[in-house]
Amino acid sequence: MEYTLLILLLPMLSFVGIGLLGRKLSHRAAGISGTLVLTAVTLLSYLTAFDYFTTQKVNGVWQAIQPYNTTWLNVGERLHIDLGILLDPISVMMLVVISTVSLMVHIYSLGYMKGEKGFQRYYSFLSLFTFSMMGLVLATNIFQMYIFWELVGVSSYLLIGFYYTKPEAVAASKKAFIVTRFADLFFLIGILVLSYFTQTFDFEAIMGGDGSILSSALGTTFLGASALTWAMALVFIGAAGKSAMFPLHVWLPDAMEGPTPVSALIHAATMVVAGVFLVARLFPIYIGFTPEVLQGIAYVGAFTALFAAIIAVVQTDIKRVLAFSTISQIGFMMVALGVSTSMKLTPEDHGGLGYMASMFHLFTHAMFKSLLFLGAGSVILAVNSNDMKDMGGLRKHLPITHVTFLVACLAIAGIPPLSGFVSKDEIVTAAYQFSTGMGIWMTVTAGFTAFYMFRLYFRIFWGKEYRGEVKPKESPRSMTYPLIFLALITLVGGFIPFGQFVTADGAPYTIRLNSTVAIISVVVALVGIGLATLLYRKEEKRASWLPSRSSGLYKAAYNRFYIDDAYLFVTKKIIFNNISRPLAWFDRHVIDGAMNGLAWITNRASDAIKGFQSGSLQWYAWVFLLGTLLITLFAILL
Amino acid sequence: MNFLIVFILIPLLMLFALFATRNRKQVLAVMVTGSSALVLASIYLTVRYILLRNSGVAETMLFTSSYTWFEPLNIGFSLGVDAVSVTMLALSAIIVFTGTFVSWKIKPLTKEFFIWFCLLSLGVFGFFITTDLFTLFMFYEIALIPMYLLIGIWGSGRREYSAMKLTLMLMGAASLLIVGILGIYFSTGAVSMNLLDLKEIDIPLNLQLLFFTLTFVGFGVLGALFPFHTWSPDGHAAAPTAVSMLHAGVLMKLGGYGCFRVSIGLMPEATEILAPVFIVLTAIGVIYGALSAIHQTDLKYINAYSSVSHCNLVLFAILMLTRTAMTGAVLQMISHGLMTALFFALIGMIYERTHTRMITEMGGLMKVIPFLGVSFVIAGLASLGLPGLSGFAAEMTIFVGAFENADLFRRVLTIVAVSSIVVTAVYILRMVGKFLFGPMQNRKHLASIDAVWYEKLAVVILIAGIAYIGMFPLGLSNLISDSLAVIIK
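Heads up: the sequence lines are chains A and B, in that order. Here the first sequence stands for residues 102 to 739, numbered as in the numbering used here. Here the second sequence stands for residues 73 to 561, numbered as in the numbering used here.
Same shape as in the complex, but just chain B:
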């Protein structure tokens, strides 16, 4: 049996186990066991992957196998991973694990919450292990639907509006995607849906142009491609903490990953032609997201716009079509995943204590909740690209890689994207300065208690990841870069 199946089996087993649980304790026991198993599985996979690569296995994908599902349409279930998917799986496992601890006290309907949460992660894991267009799309949909309920039921603020908006916009994108995917399938002669097979078949250029646009926008919406990003601030602001973490940390990466695997992977000629259009859009998105974040007062909105900026940088880097920039894009996906999960986790924890997310209504919290405060500053510093934390290694790889393109157009837009490092510093320091530093705003906040053990656990794991990648990026970067070598020169 293919080891990768484990990544769908565990969430499935968790789902069944959750149905059988009777109280909160049992629910948490299932979640902790299951998510720990996922983390262990992803560690095992990473180690096995590295060992295999070191022993000289040179195929594009490892752990491949293929099962047929519906012969007439060549719908199969093909599995396979390369370094990009391995790291994405590890990221997802970490976020599911920490998300569980962050939701330790979720109410009401604890059991139902975790059932939908599990289904969501099932979709995510399935998405990253599959190499088949149809199942890719299917898992994408599986990941989307629980979002509606998770935000609509357990969310806060304008949750129904936000849940509806997020679901409709992403569904709209999915409809573009399915057209694109079917188009690719039929224009390649309807012989296979497997990405590895499709790669070998040339698609006529005029069709490529159409399908590239459809799939890139389709996936791009999930990756917060400007100007289709507006679901993100509302959605993230309304979603419960763990869902924000999983959504911004992992789900948005589905977008970048899909663009990379499907749009660029299958249609290189169209990419060459259409890239400039999307480079302009993503460069605008990088700076636009950052500038919009300056003016927000809600912590979740700040972070959501920050995510728009960082995720547009991922798409920007992918479109640069150099191996270095793409390596940087993957690093940025991992880095942003950890960072934004940490941000949302901390914002949730702070909200539980202060009952507000408005930075204008808080102040001087560092004194009261130093653990959360310091962690927040670390997250902020990672976000503004401080060396020694993950954001720096990722961004610098992207910038150097983007600069490998000698034409003035890409150079100028790279400089536009680079200038976001200043704007990011502005909104991060403004936010931190307003609500953590300065004098106390609300005397009621004085009674807040600092993080408790399950919160600390989640925060420490995320910070450790950020710091490790930030200080020792070489191994990870080489792993990704080597794996990309077969895709792009």
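Just chain A, same shape as in the assembly:
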């Protein structure tokens, strides 16, 4: 399957080509060529998936294969960084997800970005992103993953800051890069610790075999925990940064300053789930050697899921609602991984259910969340605003956007038989297996999800009549077709026998719904939707029992619980003003002052003794005589 190399090379070429030609290319040519390349990549990805899932099962277990691997850099006697392609069920699934969403975004952007300045730049960056993301999921070793991890980070930076003359966009892109870079620092240290013990970066070498390669890292302890625990926890911090887990989530809502299709591709469907993918990739280590870290992941995920859902309830910018929703949903995926208790998934042993559910949810979420973002983009283009208060009653004006958006809302709220219902239900089931408390927590979060999504839906499409001056128009076909396509996947996605393809140990599994959990989930979802319908379907009327807009809770949630302000305090007030500024002063005045002081002393000293060279003959004669006498005296005495 050597042709998989093209999946990486084509977007790279497209990036370089469109990037170098730049303005010499017409908008049309840049858009079309970018989209055509992506079409080819998508077809190749589908071909890969087909090829893989028809041929690579041995003894009933999906095998991992490496069609391509080459050394990129030697770092030491035994350590070397490779670049290659690893195909296994999750990487093949990610190929399909990334290429599908990316293609939809490419097509959609032909309409959405039409006439924008820097259109060519936009398409060239999209190609760069696709290349980097593909390289990340296909990585054969953890260092390759880190390399592409940084590259998706920079593509995200470039695309968030696409409207670079807007100060908010510049600030948001900077924030996104620096927050994730901060997390990547821990990832890198984790890699350094891990690789010191394993003496290899290669996934298969680390996780294959009997795990003896990892036991040396287990034996070494530092501050009460084994080196392996430290390494895996550090790696997870990296994952948490990219996947916007609390408290590193602050960059994602701001990232919405980028063009909306970018938010759909990078900040909803693909890059932000890289953290989930990383934990899934290293899952055998987490589950086999550091289960305590895995539990920690579950708690971080669970907290983030509810925390973000609560914030989403009160936001008024529709993209911000979706951003917090994304954070919350990624929390679900993390929880699912965290609550797993074994690699196995058979009717007898459900320990690995969470892993499968997490990957399934990653897949369905990518589809319906990118659909939601693209739908939001269509709305934003129609009314020229991000804010809910400028919307309402749009269902008549934007019929296609409305229906597809509704499909996505139903899916994320968890209404059967849509895709989101099935995958989320598996997660909640796994959570109940872990502990009842965790199950209830996730059920409540799911209820919140249904509520805020339908609040969003009703406030955009229902409620008061649209009052803007210009009558909103439905978007062009280049935008509606991707919406319809994604809606179709969302409709039927739940029927994919996902467990047949992706499980922790590679053995196929048939998904069976747990009817108790399913019923509870549906009821909770309906309650959430019902509440939203009651409150927002007609002209908004606020029930007296709701917290008022001036109440502390509402304000706190609206201001994202002041986490951003806390960061600002630390970075601006403490690091910039209290560390960097004094340090700069210290350098100029103390360290450099010492040097200048030395020069000053030299100057003074020469000033003081220069009188000797007075040029006065009598003075010279006196000194000469005195010197001669002294020497003579010396000679006599000795």
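No lab work stands behind these hints, which were simulated from the structure alone. Certain hints may be false.
Stated by the list, open to error - Taking CB as the label site, the calculated pair distances span:
no. : chain 1 : residue 1 : chain 2 : residue 2 : range
1   : B       : S520      : A       : L121      : 18 to 24 angstroms
2   : B       : Y139      : A       : L699      : 50 to 56 angstroms
3   : A       : R124      : B       : K516      : 20 to 26 angstroms
4   : A       : K218      : B       : M430      : 23 to 29 angstroms
Remember, predicted model here, so these are calculated numbers, not experimental data. For each residue, glycine too, the CB sits at the ideal point set by N, CA and C.
Starting from the known structure of chain A, fit chain B onto it as the hints suggest.
Structure of chain B alone, referenced to chain A:
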């Protein structure tokens, strides 16, 4: 005749030719021809070197030869190169070549400027081909003196103060160095000044400790060793563009190279003992330089502090005493050389257009000068260690190599050094965000024209180097690593 002589002959010929020139055109013709010849010579040398190594020649140094100069003191002129010096020569040639194009419009006294510039490069090339302590020191001095005039006459801002400061601090360092060098010579029985011979002779440990400190600090000052780095921000800020390029790009590497060849190469036992002290200093320097850069508003100061951070990382890596870290150090020297030269070149070009280097007085320039803007962003990304550009390969080699040391002390300090990747991102993005992005600050800047051909040429060559090393580091890294194998296990 030894081929390496070419590297001093060309600058010498250029000097004579420059004396004879009558107008600017002739000066530029001489400079372009001469620096192209240097580039070709360094390419030829690199190819020959690789071919020789591939054919199985295993000596430490290739192209060796020795001429006696002053017999009574064993002062000779010995030549020889290994992969480290070959790559340094190539780097110097590229910087001299691009520096010429960047100084295309230098005024006043074009001819005199280039004469001193040539003398400076003569010192640099001589330094990298020699394997003899005395000539090493001599070329070091030759490279230093023109700096004073170049900054004092063609500089900007507080140029006289800066020129004086830079020269005095480096001269002070040189005085430590000469004591160290003579000490080594006499304590080994005064039989030879050749590094290759000296390596075979053991120096008593107590003397090693003294001479290691003297030479390491002596060279370290040039390599911006914390806390002796303060000449660098002032010096670089005041220097004319091409001089900043050559100075930060190549001259600062003389420091790292000297530490590696002389201090560590000749006194391994003292290195073991004293390394912790300097590891602490350099680790502080890495993070300190980066933190100081956050608060600067002058583009040249930002880059100068950034250089302090990156160059301290070179010294840090050398002191880790593992082959991987040392390979990384050499990669970092090359990478930083290209990167910082690119930065200074671009800053000079931008200054010519905006007449300010204060990021607070600029904004939205990307729209007006996209070529320079994009190049600046690329330089910035290289500096913050983006994969695919040279900084990443170098830094990762250093970090992995440093982590090979199992003791907690080095581990912790490595982590301190690693954390600079975050701080670097902060100051780079702050700088780029302030002056390239955002709204226009000064309407006068709207009239700026984008880069012209000679500027583009210089920028493209430097970026190509950065990108090539960043994407295909394997060949270069193996070349260096193999050559270091004989020096360190």
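Tested hints:
no. : hint                                : verdict
1   : B:S520 / A:L121: 18 to 24 angstroms : holds, 23 angstroms
2   : B:Y139 / A:L699: 50 to 56 angstroms : violated, 40 angstroms
3   : A:R124 / B:K516: 20 to 26 angstroms : holds, 24 angstroms
4   : A:K218 / B:M430: 23 to 29 angstroms : holds, 27 angstroms
Consistency note: the structure conflicts with earlier hint 2 alone.
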